[in-house]
Structures are given as C-alpha cells and as structure tokens.
Amino acid sequence: MRRRVIGLETEYGVSFTLGGQRRLSTDEVARHMFRHVVAWGRSSSVFLENGARLYLDVGAHPEYATPECATPLEAVVHERAGDRIVHDLAVRTGEALAAEGIRGEVRVFRNNTDSAGNSYGSHENYLVDRAGDFGRITSGLVPFLVTRQVFAGAGKLLRGPGGTEYVLSQRAEHVWEGVSSATTRSRPLINTRDEPHADAERFRRLHVIVGDSNMSDYACWLRLATTDLVVRMLEERAAFAAPELADPAVAIRDVSRDLSGRGPVRLTSGRTPTALDVQELYLVAVERFVAARHPDDELAEHALGEWRFVLAALREDPMRLERQLDWVAKLRLLEAYRARHDLPADDPRLALVDLAYHDLDPRRGLHHLLVREGRMQRLVDDAAVADAMEHPPRRTRAALRGRFLAAARRAGRDVTVDWVHLKLNEQAQRTVLCKDPLVWQDERVDRLIDAL
Amino acid sequence: MAGTERVSRSGDVPRDDDVVVAEAAAPARELLDGVEDLLDEIDEVLEDNAEEFVRGYVQKGGE
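Residue numbers (our numbering), protein chains in the order written: chain G, 1 to 452; chain P, 453 to 515.
Be aware that one or more of the hints could be misleading.
Label-pair restraints from in silico Cβ distances [claimed, not checked]: (1) R507(P) <-> R338(G): 11 to 21 Å; (2) E493(P) <-> G163(G): 51 to 61 Å; (3) R202(G) <-> D495(P): 51 to 61 Å.
It is worth saying that the hints were derived from the structure and are not from the lab. We treat Cβ as the ideally placed atom computed from N, Cα and C, and that holds for glycine.
Looking at chain P on its own, in the form it has when it is part of the complex (with noise of 0.2 Å):
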C-alpha cells in the first residue's frame, strides 16, 4: 500500500523527553498476512459458548 512507508516512517513519533517511541518487535506485516494460522489462534483463543457469553456480558452504564 503507498501509505505504508510514510507511516512506518513517521509513525515513529517525535520523542519528547518524557516517552521512548519504539518498533514493534515482530517484523510489520498485513493485517491479514498468514490469516489461516491467525484464525486459528483466534478460534483457540475464543470462549466456546459464545452465545451465553455475549448474552451474560452486562455492565452498569457509566458516564
């Protein structure tokens, strides 16, 4: 994509004195890169009963 190296270069943001900016550790890829191994970790990694989960998740409102 034409905007990657302009972010990647200016994504790394000016440091003040205050923060340390850095890369990422894994080298950058597409978001969807590999995405058979990804939806993988995703199904590994996600609640079997999704349907009581999402239904059981109420919060109280806040501000």
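Looking at chain G on its own, in the form it has when it is part of the complex (with noise of 0.2 Å):
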C-alpha cells in the first residue's frame, strides 16, 4: 500500500501547585516554561532537530506537533518523545522557579479537560490526495470516528447534573458537529481547514479534532492505524456504502456515555445498530478492502487483526482490555481505589486519579506506574523514545529537516525552517522548498547542507 504522511499534535494541560493550591496561572506557567524555549530559538514556535514543532499554541498550552511519520507505529514512536521533551521542560523550569524562590511543581497532562469544562486537544493528520473526493472521505469517515470511542476512548469521570458518571471519551462532550472549518467555538470531529504543508495541487491535509489523547501505545496506535486504513478504503473508492448519522453530535455522546457499545446509534434510515455494529461494519468493508487490493500489506493485515481482535473482546467483556485500552485501565483503577477507601462517586480524590492518570511525570503518573510495572501492554520501548527525542524519522521530509537544522547548529550558522521551507540566513538567503513530505532525499538540500 502506498505510504502515507501521519502526524499528531498534542496539546497539554499544565499546572503550578503547592500543596495542591495553585500557585501560578497556566499562563503564567507556560510562559515561564517557554522562557527556556526563546532563549534557545528565539521564538515560542521552533523546529527541533527530530523533524517537530513545540510551541506554545493558543490558551497558553504547550503543544507538540511530531514530524511527519510514516506509519502509524512510527507516530505513536514520537509522539511519547514529545511527552519526554515536554517534561524536561517542565523540570527545567520547576527548577528555575525554585532559584527565583517561586515553590511549587509544575506538572504537565496530556489529558483533553479541565474541571471548568475547557477541552484541548490531540489532533491527528493524514495526508490525502488532492485529486480524491473529500466530501466522500470526510462524510465516510464520521461514523467511524464517532464509534472508535469504544477502543480509543481515554476514559473521563463525567460531572454532570445528575451526578458523576464514568464515560469512554474525553472529548465526547466538547464536539458539536461532523465536519466544518470550526475550532474552539463549535468543534468539529473534522475540521477542514486546508493548510496541506505541502504542494497544495497534490496534497490535502485531513485534520481530524475529535481524538482523546491516548496514554496507552496500543490505544494510539489502534486508533491511528485503523483510521489510517478506513481513509484508504473512502480514498481508493472501494464499494462501501457508509452508514449515515441522524445527528453525528448526538450520537458522539451516547456512544460515550455507553460503556456495554450496545446502545443504540441512530441512523438517517431509521435503523439503530449499537456502536459495536457500526464498528464491525467498518472492519468488515475494510477487511474486503485489503483482501481484494492490497493482499499482501502486511502491516494492513496486523491491524485489522488487532481491530477484529480488540472488537471481539469489547463483545465479550471489555475488562479483558484492561492492558491495552486507556478508558478500561483507568475504570479498573477508579473502581479499585474507590472501593479501598471507600469514597462516593463524586468524591475529589477520584477525580484527582482520573487526572493523575494524565500526568506525564513518570514517577508521579499512573498511566506510568502501571507501564513501569509491567501491568500495561507496550509498543514501545524508552530506547526507541530516546532515539525519537534526537533523531527524524527516517523516510519521510522529516529527515531532511533534521539533517539541516543539524548541521546548521555544528557549523554555526543562522537558518530558518518551517514545514515546507529551508532557509539559509545570509545576504542571499538561499531556501529550499521541500514540497512532497513523502521524499527524504533531495540534492538541493544536500548542497544547502554543503554550503553552510
């Protein structure tokens, strides 16, 4: 199958507390951490040798975009080295604060909200063909989106008027519409804004919004390599007629708020399979899909064994997932921890452990404690993170973004990047467009690189 450019982008929730009590706004602790990030790049938005962006992004979040990756596996790979550099951030600047006689600890949360309701995001990229129909894509994808939450829901304690409840989706509630060109006013699950990075008459980005940022790899992963495949499917125009939605934001938070995936999803022709069913479908019609076009994809064949598998058991009985889905994990150890002390639904501590379980301190996290101790499924190993923490990956324009601003820092020169653009800072301010993410090889660069 032909390879396709993947990128995420995180946004993260960051604190400054002592003793529990805040001591800074978030504004003020993300500008005290991205103090550290100007006085290195002159800037709040920089390009770092690994081929990504950290910057701090609108509302104060510190946000990091992975370079583009070329399988879903290779995202996941950095997307947990953008979790190490965003924590070393913030020790360095708990730190700093300390030498000013600022005490506290900053902490940092890939999570989705806040308790006064704020939703931010993970946001997931895939680079399409300009040429195919993206009102088919896009209309195909939703329902799918709208009924992953039963694998790659990261889990919420849900406070509404009628008390507490556990429901699968961060995001669930925060999303108002299929697809549009909204972001913070009325959130999409797709949102159109066509800026490709890339030569625009080729490429077109698909910017899905509606993702949970997934704590657990194999949630990642599933969720990006089972989207990476139904985009495909729409993509390459397989027959498949997709089911149509009575209304995608209702439907969002029911399946959200179902945790059996047996409760009924409302379609335009009146019938109501369960979240479950719509799912199946979905694997089913890619299933054919791979069969007929890409017999031998093998990384195709892995997920849809993962997705036949990981459906099968949610039927069965979703606990058998406690290893490998965040929303699972996390309900076995609400549960656990409330019945040990034995607190109401409602009590804060609850929902501390619901935040906690966000936190990306690997000493203090619990999605990390429950890694370090072997209790969940891992796809990665810290060397790998490690590797991602310094290097591109491999094969894709990211490489060649990696490699310049390398050799920018070893020869001392002033130079500029963004996606797109390599740009030497001199009298003739020689740059190169690197327009096609999928190539990692490119003389032009190569005589850039010589040329510092």
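Relying on the hints, combine the two individually framed chains into one complex.
Written as structure tokens, this is what we have:
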C-alpha cells in the first residue's frame, strides 16, 4: 500500500501548585516554560532536530507536533518523544522557578479536559491526495470516528447535573458537529482547514480533531492504524455504503456514555445499530478492501487482526482489555481505589486519579506507574523513544529538516525552517522548498548543507 | 484471558525499517495483580489536597 504521512499534534495542560494550591496561572506556567524555548530558539515556536515543532498554542498550551511519520507506530513513538521533551521542559522550569524563590511543582497532563469545562486536543493529520473526493472521505469517516471511542476513548469521570458518571471519551462532550472549519467555538470531528504544508495541488490535509489523548501505546496505535485504513478505503473508492448518522453530535455523546457498546446509534434510515455493529461494518468493509486491493500488505493485515481481536473482546467483556485500552485501565483503577477508601462517586480524590492517569511525570503519573510495573501492554520501548527525541523519521521529509538543523548547529549558522522551507539566513537567503512530505532525499538540500 | 496470547504475540507490531519495537522491561501482569501495593503507590504519589488541586486545574480551551 502506498505510504501516507501521519502526524499528531498534542495540546498539554499545565499547572503550578504548592500543597495542591495553585500558585501560578496556566498562562504564567506556560510562559515560564517557554522562556527556555525562547532563550534557545529566539521564538516561542521552534522546530527541533528530530523534525518536530514545539510551540505555545492559543490558550497558552504547550503544544507538540510530531514530525512527518511514515507509519502509525512511528507516530506513536514520536508522540512519546514529545511527552519526554515537554516533561524535561517542565523539570527545568521547576528548577528555574525554585532558583527564583518561587516554590511549587510544575505538572503537565496529556488529557483533554479541565475542571471548568475547557477542552484541548490530540489532533491527527493524515495526508490525502488532492485529487480525491474529500467530501466522500469525510462523510464516510464520521460514523467511524463517532464509534471508535469504544476502543480509542481515554475514559473520564464526567460530572453532570445528575451526578458523576464514567464515560468512554474525554472529548465527546466538547464536539458539536461532523465536519466544518470551526475550531474552538463549535468544535467539529473533522476540521476542514486546508493547510497541507505541502504542494497544495497534489496534497490535502485531513485534520481529525475529535480524538482523545491516549496514554496507552496500544490504544493510540490502534486509533491511528484503523483510521488510516478507513481513509485509505474511502480514498481508493472501494465499494462501501457508509452508514449515515442522524445526528453526529448526539451520537458521539450517546456512544461515550454507553460503556457496553451495545446502545443504539440512530441512522438517517431509522435503523439503530450499536456502536460495536457500526465498527464491525467498517472492519468487514476494510477487510474486503485489503484482501481485494492490497493482499500482501503486512502492516494492514496486522492492524486488521488487532482491530478484529479488540471488537470481539469488547463484545465479550471489555474488562479483558485492561492492559490495552485507556478507558478500561482507568475504570479498573478508579473502581479499585474507590473500593479501598470507600469513596462516593463524586469524591475529588477520584477526579484526581482520573487526572493523575495523564500526568507526564514518570515518577508520579499513574499510567506511567502501570507501565513501569508491566501492567499495560507496551508497543515502544524507552530506547526507541529516546532515539526519537534526537532523530527524525528516516523516510519522510522530516529527515531533510533534521539533517539541515543539525548541520546548521554544528556549523554555527543561522537558519530558519518551517514544515516546507529550509532557509539559510545570509545575504543571498538561499531557500529550498520541500513540497513532498514523502521525499527524504534531495540534492538541493545536500547542496544547501554543503554551503553551511 | 483468552486474548492475551494473541495480543502479546501480535502486539509485537511488525517492524518497518524506521521503528524499533520492544517488549516491556517488566514482566507482563494483570492490571490489578497485587492491587494493594498498587493502591499504596497511588496514595503515595497523589496530591494531598485533591479537592483544591482538581478545582484549581483550569486551562484555556484549545482547538
């Protein structure tokens, strides 16, 4: 199967507290963190030698965009590298604040909600062909995105007027429509903003902003791998009649609140399959598509096998997936913790367990604790993540960017880069445009590096 | 659990040239295996002032 560039953008939540009490506002914490970035890169938006972009996003979130990755697994590795980089930044920030006499602890969370009802995201980018029928891809993808929560949800204790309940997804309550160009006001599942960061005549970006930030390697990988396959099937115009949801915003909430996966999802036809039925429909269609068009694709075969396994396990007993899925692992933790201390469902300590699951600190984050003790299935190891903190993916455009930045640093030369441009800041302002994200070798870049 | 074998075998996602995949350093166990120790550890790492911490955790909305 033709390769596709995939990237993940993560918005992190931050806090600075002493004894649980807030000492600095979110803005202030983020600004302190990025003082280190500005000191190094003279900007609060920088590209790193691993090809990634680190920046201060709207709303004062630290945000990390992975470099262009060639496979879903590579994107998982690079997202984990981003976690480590942002955590390191938090540690240095804590030390710097302490040196100034400001006592407290910096915390960074890779979750999607705060206590005031704000949401921030984990955005997936899939590079698609400009020539394709974008409307068909997005409309065919929406029912898949609404129902993939059954395995991709990160889990959340949702406080509502009727009390506190556990739901599958962090993001579901914050999404208001299927496909649109809105972002923060009326957040859609798929944002149509058309910034391919590539040759716009050939490529287009499919920007999926509905996803939860997965802590689990496995859940994150399965989310990307299955979505990639569904997009591929729609792109290649395989015969497939996508179900049409009567109301995506209603359906996404219904699915999120139904831990069994067996509640009805209303279609325009009046039929009411379950979320698991809808997933099954996609699975069968993609299996047929891969068998017919790409019978020798091992990565696709593997992803299909895991998808099939997960849906079957969810039908039988979701708790069997406690080592794989975030929402199951978190639910098990919450139940055990609640039982030990005999807590009511709305006890703040349970809300804290929910939040602490997403803490990036390897010593204190509860997901990290589970991983360290072998209680969650891992797909990537520490060495691969450490490598990705320094080095870009080898077979995408990120390799060119990384080489250029590393060479410029060694030569002590001043350069400017973005996703597409590599520029030497000198009188002639030599610039190379890299418009194909799948090209990782380029003589023009070699010459530019030779000129350093 | 019936699926464990399949997952641990196939969970070794195929390598491509770019990415190394490895087994976890710790031996695999059930999530709540030895749960008392796990809960002790959780109590150790959680903030003392849960209510204050959770209430004070306010971000600005992102995309």
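Structure-based check of all given hints:
1. Between R507(P) and R338(G) the CB atoms are about 19 Å apart, so this pair conforms to the stated range of 11 to 21 Å.
2. Between E493(P) and G163(G) the beta carbons are some 29 Å apart, a value that contradicts the proposed interval 51 to 61 Å.
3. The beta-carbon spacing between R202(G) and D495(P), approximately 55 Å, falls within the hinted interval of 51 to 61 Å.
The structure is inconsistent with hint 2 alone, although it conforms to all the rest.
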